[in-house]
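J.: Letter by letter, the chains look like this.
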Amino acid sequence: MIEVGFSLPEKVVFIDRTMLKAYADASGDQNPIHQNEEFAISVGLPNVIAHGMLTMALVAKYITDWSGGSISVKEFGARFIKPVIVAADQPTDLTINGTVSDVDGDRIKLDLIATSAGIKVLGMSKAVVVKNEQ
Amino acid sequence: MLAPDSVGRTFAGAGAISITQSEIDAFAAVVGETDTTFAPPTFTIRISLDQFQNILTKPEIGLDWSRLVHGDQKFEIFHPVKAGDSLSCSATIESYRVAAGNEIVSVRSDLHRGDELVISSWSTLVVRA
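So the sequence lines, in the order shown, correspond to chains A and B. Read in order, the letters of the first sequence correspond to residues 1 to 134 in the working numbering. Read in order, the letters of the second sequence correspond to residues 1001 to 1129 in the working numbering.
Next up, chain B with everything else stripped away, as it sits in the complex (with noise of 0.2 Å):
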């Protein structure tokens, strides 16, 4: 259950993350991308869910983690993400509701590098009953 205070709070990332080159080669890979001049469009995934992780389960926020499902993603691009960015991030808790015993949690994710907002995006988690 989530804490009812916490709809409508952002949270900082603890720190920059920098981009590497072969992070984005291994992930163009998958995918078959051999132009890796630029990050693929869902690269930036990987930050987003992890700042959630990390948010959404702090003791004082309570969501159960090992029960979640991923129920949708939009992404907004303002800027693609090259190796060497610095990126910042910060997410806030948009809505949560509950439907059927299953706990539904918006979350947004801004990145920026610098002043400038280069990725944001949506995510619909699900915390099955």
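Next up, chain A with everything else stripped away, as it sits in the complex (with noise of 0.2 Å):
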């Protein structure tokens, strides 16, 4: 029986260079800010910055891992309110946490904090689950 309040364990992904471009090859998102430093430094970005929607997608893998894989989402969203930044030779943390805020029969509702650095990336992350027992 999952309750309100129920803190799902901490998750840290690490966001390299690497993962960038294999994300910006996979979503077709192929704007220079996620790849060329120069570029991200020219439009007045402190470096590379990840691509909102490979924060999203991380923070989804985190709740599909607890919740039973990607059928087990039915709704999720996130503002992004600071970018993550990723320098050339350093992967960046991206911390991520999870609370149960609702449950209305068998669809749970999370609360999700996502940081980089210390700092809060996303806001107003939600998701709303069914939970598949695999």
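Careful: at least some of the hints might be erroneous.
[Stated by the list, open to error] Covered stretches of chain B (in silico footprint by chain A; criterion: 3 or more residues with CB under 8 Å from a CB of chain A, positions within the stretch not fixed): (1) 1001 to 1007; (2) 1023 to 1033; (3) 1053 to 1063.
[To be verified] Chain A side only, calculated, beta carbon under 10 Å to chain B, not exhaustive: (4) His-51; (5) Gly-77; (6) Ile-113.
[Unchecked claim] In the DSS-like style, the derived pairs of lysine-lysine whose C-alpha atoms are separated by at most 27 Å in a straight line are: (7) B:Lys-1058 to A:Lys-131; (8) A:Lys-74 to B:Lys-1082; (9) A:Lys-11 to B:Lys-1058; (10) A:Lys-21 to B:Lys-1074.
If you're looking for bench data, these hints aren't it; they were derived computationally from the structure. Since the model is a prediction, treat every value here as computed from it, not as a measurement. All C-beta atoms in this analysis are idealised placements derived from N, C-alpha and C, irrespective of residue type, glycine included.
Two chains, each in its own frame: build the complex with the hints.
T.: In structure tokens, the structure reads:
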């Protein structure tokens, strides 16, 4: 029985430039701000930044690891409030936490928190899952 | 500047999009998902963003995609996507406003498999001043 307030275990994922290239290829989003440091800086960014949708995809994986695979997610949303900055030489962390905020029959609502280098990168991130016991 | 009469318009995609196993596998691999029976929850963002770009940058709509950032994103998934699916997509411009010189557009994407709605998603796109 899952109850409101239940906390999912924290997960830390590391994002590096190789992952950004792989996500660009898999998603078709080849915007140079996610791969080219010189370009990113030229448009006023501190460095290359991760795709917001990569951050969401990694949080989705965190959710589905708990809820039982890709088919268990019914709703998922987030605001992109701060970029995840990815320097060339070192992977940056994405630290993810989740809490059950509501249970309605088999539908479980989650509040997600994602930070990178201690800064919150997603706002209002919520999901609705139906647990799939595999 | 977005053409004022474009808010509320719905655009049909050019044609159905076939989902392949290799596309799902590549997307899943990035996030470390090994079960690729179904596509990961955010997989269809590619289809939706492509369609938004096609629509919003039409000369009669007039959005500048080069200064665009993604503000927020939401998915409602009615049926998970899998390889072999043929998805038709329609996109609706739901709202548009200008705040502090930034243009803020909200768009909805509906993906259908035949008559069945499989995923609706909402994106807020911001063109920076």
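J.: Would the hint linking A:Lys-21 and B:Lys-1074 be met if the CA-CA limit is 27 Å?
T.: Holds: A:Lys-21 and B:Lys-1074 sit about 24 Å apart, inside 27 Å.
J.: Would the pair A:Lys-74 and B:Lys-1082 pass a check requiring their Cα atoms to be no farther apart than 27 Å?
T.: 15 Å, holds
J.: Per the coverage rule (Cβ-Cβ under 8 Å, at least three residues), is the segment 1023 to 1033 of chain B covered by chain A?
T.: holds (count 8)
J.: Tell me if A:Gly-77 is really an interface residue toward chain B, meaning its C-beta lies closer than 10 Å to one of theirs.
T.: 3 Å, holds
J.: Test coverage of the segment 1001 to 1007 of chain B by chain A using CB-CB distances below 8 Å; three residues minimum.
T.: violated (count 0)
J.: Min Cβ distance, A:Ile-113 to chain B: is it shorter than 10 Å?
T.: 16 Å, violated
J.: With the threshold set at 27 Å, check whether the alpha-carbon distance from B:Lys-1058 to A:Lys-131 stays at or below it.
T.: 42 Å, violated
J.: Does A:Lys-11 pair with B:Lys-1058 here, judged by a C-alpha cut-off of 27 Å?
T.: Judged against 27 Å, a Cα distance of about 42 Å means the pair is violated.
J.: Three residues minimum, CB to CB under 8 Å: does the segment 1053 to 1063 of chain B make the cut for coverage by chain A? Let me know.
T.: This one is violated; 0 residues, fewer than the three required, reach chain A with a Cβ under 8 Å.
J.: Given A:His-51 was flagged as interface, is its beta-carbon under 10 Å from a beta-carbon of chain B?
T.: Since chain B brings a Cβ to about 8 Å from A:His-51, closer than 10 Å, the hint holds.
Violation of the numbered hints given earlier is confined to hints 1, 3, 6, 7 and 9; the remaining hints are satisfied by the structure.
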